[in-house]
Amino acid sequence: MKKITKENIQDYALKLMFKMKEDEYDTFEKEFETILKHMDLIGQIDGIENVEPMTFPFKKDVILREDVVTSTLTTEDAIKNAKDVIYDEVKVPRVVGGEE
Amino acid sequence: MSYLDKSLEEIHAALKDGKVTSKELVEESLKRAHDYQDELNSFVTILDDAKEKDITDNVLSGIPYAAKDNYSTKGILTTASSNILSNYVPVFDATAITKLKEANACLIGKTVLDELAMGGTSTTGHTGPVKNPWDTSRLIGGSSGGSAAAVAKGIVPYALGSDTGDSIRKPACYGGIVGVKPTYGLISRWGLFAFASSLDHLGCFAKSVKDAAYVINNMKGIDDNDMTSWDSSNIDLVKDIDKDVSGKKLFYIKEIVDELKNSNQKYYYNFINILNYCKELGIEVKEESIDIKLLKGAYPTYMAISCAEATSNNSNLTGIPFGNKKDGDNPYEVMINTRTEGFSELIRRRFVIGSFILQKENQEKLFKNAQRLRRLIVERVTELFKKYDGYIVPASGDIAPHFNEEIDRLSEKYLLLENHLVIGDFGGFPSITIPSGEIDNMPIAINITGPIMEDAKIFNIAKKLEEKIGFTPLSLRKEK
Numbered sequence: 880m881k882k883i884t885k886e887n888i889q890d891y892a893l894k895l896m897f898k899m900k901e902d903e904y905d906t907f908e909k910e911f912e913t914i915l916k917h918m919d920l921i922g923q924i925d926g927i928e929n930v931e932p933m934t935f936p937f938k939k940d941v942i943l944r945e946d947v948v949t950s951t952l953t954t955e956d957a958i959k960n961a962k963d964v965i966y967d968e969v970k971v972p973r974v975v976g977g978e979e
Numbered sequence: 119m120s121y122l123d124k125s126l127e128e129i130h131a132a133l134k135d136g137k138v139t140s141k142e143l144v145e146e147s148l149k150r151a152h153d154y155q156d157e158l159n160s161f162v163t164i165l166d167d168a169k170e171k172d173i174t175d176n177v178l179s180g181i182p183y184a185a186k187d188n189y190s191t192k193g194i195l196t197t198a199s200s201n202i203l204s205n206y207v208p209v210f211d212a213t214a215i216t217k218l219k220e221a222n223a224c225l226i227g228k229t230v231l232d233e234l235a236m237g238g239t240s241t242t243g244h245t246g247p248v249k250n251p252w253d254t255s256r257l258i259g260g261s262s263g264g265s266a267a268a269v270a271k272g273i274v275p276y277a278l279g280s281d282t283g284d285s286i287r288k289p290a291c292y293g294g295i296v297g298v299k300p301t302y303g304l305i306s307r308w309g310l311f312a313f314a315s316s317l318d319h320l321g322c323f324a325k326s327v328k329d330a331a332y333v334i335n336n337m338k339g340i341d342d343n344d345m346t347s348w349d350s351s352n353i354d355l356v357k358d359i360d361k362d363v364s365g366k367k368l369f370y371i372k373e374i375v376d377e378l379k380n381s382n383q384k385y386y387y388n389f390i391n392i393l394n395y396c397k398e399l400g401i402e403v404k405e406e407s408i409d410i411k412l413l414k415g416a417y418p419t420y421m422a423i424s425c426a427e428a429t430s431n432n433s434n435l436t437g438i439p440f441g442n443k444k445d446g447d448n449p450y451e452v453m454i455n456t457r458t459e460g461f462s463e464l465i466r467r468r469f470v471i472g473s474f475i476l477q478k479e480n481q482e483k484l485f486k487n488a489q490r491l492r493r494l495i496v497e498r499v500t501e502l503f504k505k506y507d508g509y510i511v512p513a514s515g516d517i518a519p520h521f522n523e524e525i526d527r528l529s530e531k532y533l534l535l536e537n538h539l540v541i542g543d544f545g546g547f548p549s550i551t552i553p554s555g556e557i558d559n560m561p562i563a564i565n566i567t568g569p570i571m572e573d574a575k576i577f578n579i580a581k582k583l584e585e586k587i588g589f590t591p592l593s594l595r596k597e598k
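Protein chains in written order, with the numbering used here: chain A, 880 to 979; chain B, 119 to 598.
Everything labelled a hint here was simulated from the structure, so no lab data went into it. Please note that the accuracy of each hint is not assured.
[Said to hold, decoys possible] Using 20 Å as the maximum straight-line C-alpha spacing, the simulated EDC-like pairs for lysine to aspartate or glutamate come out as follows:
| no. | chain 1 | residue 1 | chain 2 | residue 2 |
| --- | --- | --- | --- | --- |
| 1 | B | Lys134 | B | Asp172 |
| 2 | A | Lys885 | B | Glu482 |
| 3 | B | Lys217 | B | Glu402 |
| 4 | B | Lys478 | A | Asp890 |
| 5 | A | Lys882 | A | Glu912 |
| 6 | A | Lys882 | B | Glu482 |
[Stated by the list, open to error] Distance windows between CB atoms, simulated:
| no. | chain 1 | residue 1 | chain 2 | residue 2 | range |
| --- | --- | --- | --- | --- | --- |
| 7 | B | Lys478 | A | Glu912 | 21 to 29 Å |
| 8 | B | Ile525 | A | Asp902 | 35 to 43 Å |
| 9 | A | Lys939 | B | Lys219 | 38 to 46 Å |
| 10 | A | Val947 | B | Thr458 | 13 to 21 Å |
| 11 | A | Lys885 | B | Leu195 | 31 to 39 Å |
| 12 | B | Ser204 | A | Thr951 | 23 to 31 Å |
| 13 | B | Thr458 | A | Arg944 | 34 to 42 Å |
| 14 | A | Glu912 | B | Ile390 | 19 to 27 Å |
| 15 | B | Ser430 | A | Glu945 | 38 to 46 Å |
| 16 | A | Val947 | B | Asn205 | 33 to 41 Å |
Yeah, the Cβ is synthetic: ideal placement off N, Cα and C, and Gly gets one too.
Use the sequences and the hints to build the structure in full.
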């Protein structure tokens, strides 16, 4: 398995939209050694590659609700927790175009 | 003894007879929450404006309770003990909270957890660590530690938690109380902040098995908002709780009990004593073996699946529609700054591990093999359940650790004894922890886990064993 590097860590972090801080890499690299040893334990079962992956605790018929149009959130509620709001909409910095 | 310290049935009878009022119970509960906050740090928010409720025929009516701070509560700050949500006030209630409102239960506070429920110590919440009421130099376990401490100290008769690995059943062990997570989907997950959706369960802490049965009875039910919930209207956890258990069959897992014998003799003999109680009740107990490679792989499997699912579930925490937003020159910067500052280092590490596991080159060997190992464990246990009503195991390998105690995370003790409860989440099995005794004035516990949708049977066995054990919770030992 690929060894983890500082560059990898920052790459994985940025894919998840956050940064690791400079003083955090040492702890992470140490922790990662344990994680990799843990992960080795997963691969030690003979024939594991032939088992179907399990994504749900047990087999169950899924019953979907009727597709009825309903309103679950008012505009007032939707913007209640947003820090920046303008004209009943959530305000973000400009995404496209030139200078503001 | 104050009415607040009695069983839910006794409190209900006293409320009905007018010997105590809902207002008095709520006020006493709030007073205790404040009195013990400095000592334990159980609460993120104490609801000083909590009101009494009318008394109905529902046993929970008018009685105070607390909920873990990852249950969405309309109009009440809900932080998941994370800085990224330190200002978040939900606009809707979790289904379980709605159901308890309909039961006229009185919510008096929101309890501390490990940040985003990702942890087993209750030391990583943004408002500080939760302490164990039995010995404040020790941790209570997590992630539902605030709820466990609040019940163990007698602040509330019951409290809600969530369990993805063992986050109810382990702190229950460390706190000397009952902790239960029922079958996956018995309680709707709507409004519980998602950690790892295929493993997340709701449940509760209480001082007795019967109290817990009343609480789960009120939380359960099919819900249009959670397609994994199911119709349990034919299940009543209280009705048959006192039924004779003779003729029932349990097994214990040899590899786990052998490890306990090697590492903790006092705990081992306590467990053997519990097995003798089982026999006295007419329960047949046999030893069964599970491949040690499967058992040692359980915790790594949990880490792989839960970290991977968590990276996806928490991608909605951007700071833009809600949460503790940080500034930036463009939306990407806003999100990156918000998430870098909002998540603690530990959470970011877990997410990076999740990201690593999900990388194309690692998915097959790590993520999918973990899902495969999950299947092998669940299939083995399910096969055993064809011959048994459930299994019984020690709930941990030791008493609650001190805050600074380190444990070798590659040791057999850690992998086999301290993390086997996750099997209950892998298979969605109903699983209950009850106190079994003490070592060095600290509580220890057993766990009983059974086949899916056989929750009533597990409560029944636990209740009868609880009577035999005769353990007195900490909060009932001292005069308040």
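Cross-check of the supplied hints:
no.	hint	in the structure
1	B:Lys134 - B:Asp172	holds, 10 Å
2	A:Lys885 - B:Glu482	violated, 23 Å
3	B:Lys217 - B:Glu402	violated, 38 Å
4	B:Lys478 - A:Asp890	holds, 14 Å
5	A:Lys882 - A:Glu912	holds, 9 Å
6	A:Lys882 - B:Glu482	holds, 17 Å
7	B:Lys478 - A:Glu912: 21 to 29 Å	holds, 23 Å
8	B:Ile525 - A:Asp902: 35 to 43 Å	violated, 25 Å
9	A:Lys939 - B:Lys219: 38 to 46 Å	violated, 28 Å
10	A:Val947 - B:Thr458: 13 to 21 Å	violated, 41 Å
11	A:Lys885 - B:Leu195: 31 to 39 Å	holds, 37 Å
12	B:Ser204 - A:Thr951: 23 to 31 Å	holds, 25 Å
13	B:Thr458 - A:Arg944: 34 to 42 Å	holds, 39 Å
14	A:Glu912 - B:Ile390: 19 to 27 Å	violated, 37 Å
15	B:Ser430 - A:Glu945: 38 to 46 Å	violated, 28 Å
16	A:Val947 - B:Asn205: 33 to 41 Å	holds, 34 Å
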